[in-house]
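One-letter residues, chain by chain:
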Amino acid sequence: MTVMLTDVRKHYGSVHALDGVGFRLDNGITGLLGPNGAGKTTLLRCLATVLAPDAGRIDVLGFDPDRPDERTEIRRRIGYLPQEPGFYRNFTCFDFIDYLAILKEHVDRVERHAEVRRVLEITGLSDKSTTKIRKLSGGMRRRLALAQSLLGSPGFLILDEPTAGLDPELRFRFRELVTELSTDRVVLLSTHQTEDVAAICDRVIVLDGGRVSFDGTPAGLAQIAAGKVWLSDDRPASARIFWRTTSGQFRAVGTPPSGAELIEPTIEDGYVMLVGAAALEEDTEAA
Amino acid sequence: MSWHVDASDIHRYQEAALDRVAAASLEAHLTDCGECRSLVVVDRDWLERSWSTIAELVEPSRPGVVERTLTRLGVPSHVARIVAVSPALRISFLLAVVLVMAFAAVASTSNPTDGTYRVFLIVAPLLPVAGVAFAYGRLVDPAYDLTLASPIDSFRLLLLRVVTVLAVSIPVGLVAWPMVPAPSAFGFTAWLLPALALTLVTLALSSRFEVWLAGSMVGGGWVAAMVIAVAEGYETFDTRAQIGYAVLALLAAVAVMVRRERYDREGTPR
Chain A
1 MTVMLTDVRK HYGSVHALDG VGFRLDNGIT GLLGPNGAGK TTLLRCLATV LAPDAGRIDV
61 LGFDPDRPDE RTEIRRRIGY LPQEPGFYRN FTCFDFIDYL AILKEHVDRV ERHAEVRRVL
121 EITGLSDKST TKIRKLSGGM RRRLALAQSL LGSPGFLILD EPTAGLDPEL RFRFRELVTE
181 LSTDRVVLLS THQTEDVAAI CDRVIVLDGG RVSFDGTPAG LAQIAAGKVW LSDDRPASAR
241 IFWRTTSGQF RAVGTPPSGA ELIEPTIEDG YVMLVGAAAL EEDTEAA
Chain B
1001 MSWHVDASDI HRYQEAALDR VAAASLEAHL TDCGECRSLV VVDRDWLERS WSTIAELVEP
1061 SRPGVVERTL TRLGVPSHVA RIVAVSPALR ISFLLAVVLV MAFAAVASTS NPTDGTYRVF
1121 LIVAPLLPVA GVAFAYGRLV DPAYDLTLAS PIDSFRLLLL RVVTVLAVSI PVGLVAWPMV
1181 PAPSAFGFTA WLLPALALTL VTLALSSRFE VWLAGSMVGG GWVAAMVIAV AEGYETFDTR
1241 AQIGYAVLAL LAAVAVMVRR ERYDREGTPR
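Chains as they are written, first to last, in our numbering: chain A, 1 to 287; chain B, 1001 to 1270.
To be clear, the hints were calculated from the coordinates, so they are not data collected in a lab. Being a predicted model, the structure only gives us computed values, none of them experimental. Any given hint could turn out to be false.
[What the hints assert, rightly or not] Where chain A lies over chain B, by a calculated footprint (3+ residues, C-beta under 8 Å): (1) 1041-1050; (2) 1080-1087.
[Stated by the list, open to error] To list a few chain A residues with every Cβ distance to chain B over 12 Å, as calculated: (3) E84; (4) H113; (5) G124; (6) D167; (7) V212; (8) D233; (9) I263.
Don't be surprised by glycine CBs; every beta carbon is placed ideally from N, CA and C.
Given these sequences and hints, build the entire structure.
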């Protein structure tokens, strides 16, 4: 299963949300990183066939979203978790997923209900099936949104900020779940959490200003900051970004002074070197 | 667990030969004792079927009045569910339609000789427009993105919701119309044709703008046009005007059909 993008462009007025994006996705989990306004959500909405790009070509699992009949085929084969999924708050979890299953053409009632139970079970919401959505916590709603994206065992999962607002335990469960799901399907995971990328992604794409600024492995992204991360006892003047660690030392990313105590970089360090410290601060605020 | 159930009791329990008290006691024990539970012979298929039956009774909510009625009328259950979710069937919208129609009818009768019947004729066509404006789109449908990304034909879904809006507002208008002291030459089409025309123009414009914005533009334009026409002394509901509304409705319907792909996703189709 593959997803291909070639020179995809989308602008809103004078803002180029996507400016010639191109890459190919195969089975496995690909992380999509980027600062706010980098074009991640626009890209995901184009892939989910919700938004038409202005130019370029998209091929999702062998189908062209510009052709109405093929667009429908794509929609039958994708699972989409939007950044801010809306809910009918007075619906129960079961009824909400059941309604979305109807929209996904699960017409037979018995089979549809079995499918609803299956995705609620996968996301650990079986015991909440008769609970009204308005009574769910933010984390549970996130799981419910994830549950609907799994209806019909889609070949391509598009997940926009799936771990936003989840507590650490739920994030670990999410990682476990997505890793299991990724064995035979394409998963594109947009996130602000570099830890998620490090933990479960085989590949990472960094989008910045509507363009792909990095496409490689998480280790490759970390290597961008090789020789540029160091520990210092004093406030480092030449650092792009730094913070005091629990040991009292400063951990700095940037141009190290001579004789600095260099340490192994992380994905976050590579990301900072790539998109700049300001973007990271924006992301931290957003997360 | 310091004691266990005798195997013969379990056999009698499965044969339904234990009395009620003994059976209840045994069931309480089985709940806590895995060892005794393992002695109970279980028909896995039966158990699975039973759980499915129970879940089917407990999990899905009972369909509402609209859904049940539609199903009884032969509408497939999944279509009935889609219609029932329509915002036009919320109590708040139904109440608003009834109240506004009643208000317009009463206002129209305040002075039957000076043409106040026009209040009803101007207000009544706006209700389906308002209904359509709140039937679909990012602003009013929390699951809008999820709906667009699903294989259901978005245009068909929009039409289903528009038909629902009309099915709610037109009967209320038909009930209110006899109270309006309009000239005898005016039939109920005096407001029905403008209502259909404005609804279809709203739909046509929503292929370019968000539905709520299209509805606002049509509503605002209609009121402004009517105020000017009344001030200038034009008759806006006579036979000639009705023909005009019918033509407008037809043109808008053609525009909707021609641009139907535009309802299927955001952005300009290529």
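Legend entry - H113/A and chain B, when compared Cβ to Cβ, separated by more than 12 Å: H113/A is in fact no farther than 12 Å from some Cβ atom of chain B, at 6 Å.
Legend entry - Nearest-CB test (12 Å) between chain B and D167/A: Non-interface label on D167/A holds, nearest chain B Cβ at 24 Å vs cutoff 12 Å.
Inset, instruction - Determine whether the non-interface label on D233/A survives the test: each CB of chain B must be over 12 Å from its CB. - result: Consistent with the label, D233/A stays out of reach of chain B, its closest Cβ about 50 Å off (over 12 Å).
Legend entry - Interface-negative label, V212/A against chain B, beta-carbon threshold 12 Å: Non-interface label on V212/A holds, nearest chain B Cβ at 21 Å vs cutoff 12 Å.
Legend entry - Claimed clearance of chain B by I263/A, with the beta carbon kept past 12 Å: Per Cβ check, I263/A is outside 12 Å of chain B; nearest 42 Å; holds.
Inset, instruction - Quick one: see if chain A covers the stretch 1041-1050 of chain B, three-plus residues with Cβ-Cβ under 8 Å. - result: violated (count 0)
Inset, instruction - Over 12 Å to the closest beta carbon of chain B is the bar; see if G124/A clears it. - result: 16 Å, holds
Legend entry - Coverage assertion for the stretch 1080-1087 of chain B with respect to chain A, Cβ distance below 8 Å, three residues required: holds (count 3)
Legend entry - Given as non-interface: E84/A, which should sit over 12 Å from chain B by C-beta: 8 Å, violated
Consistency with the previously given hints fails for numbers 1, 3 and 4, ordered from lowest to highest.
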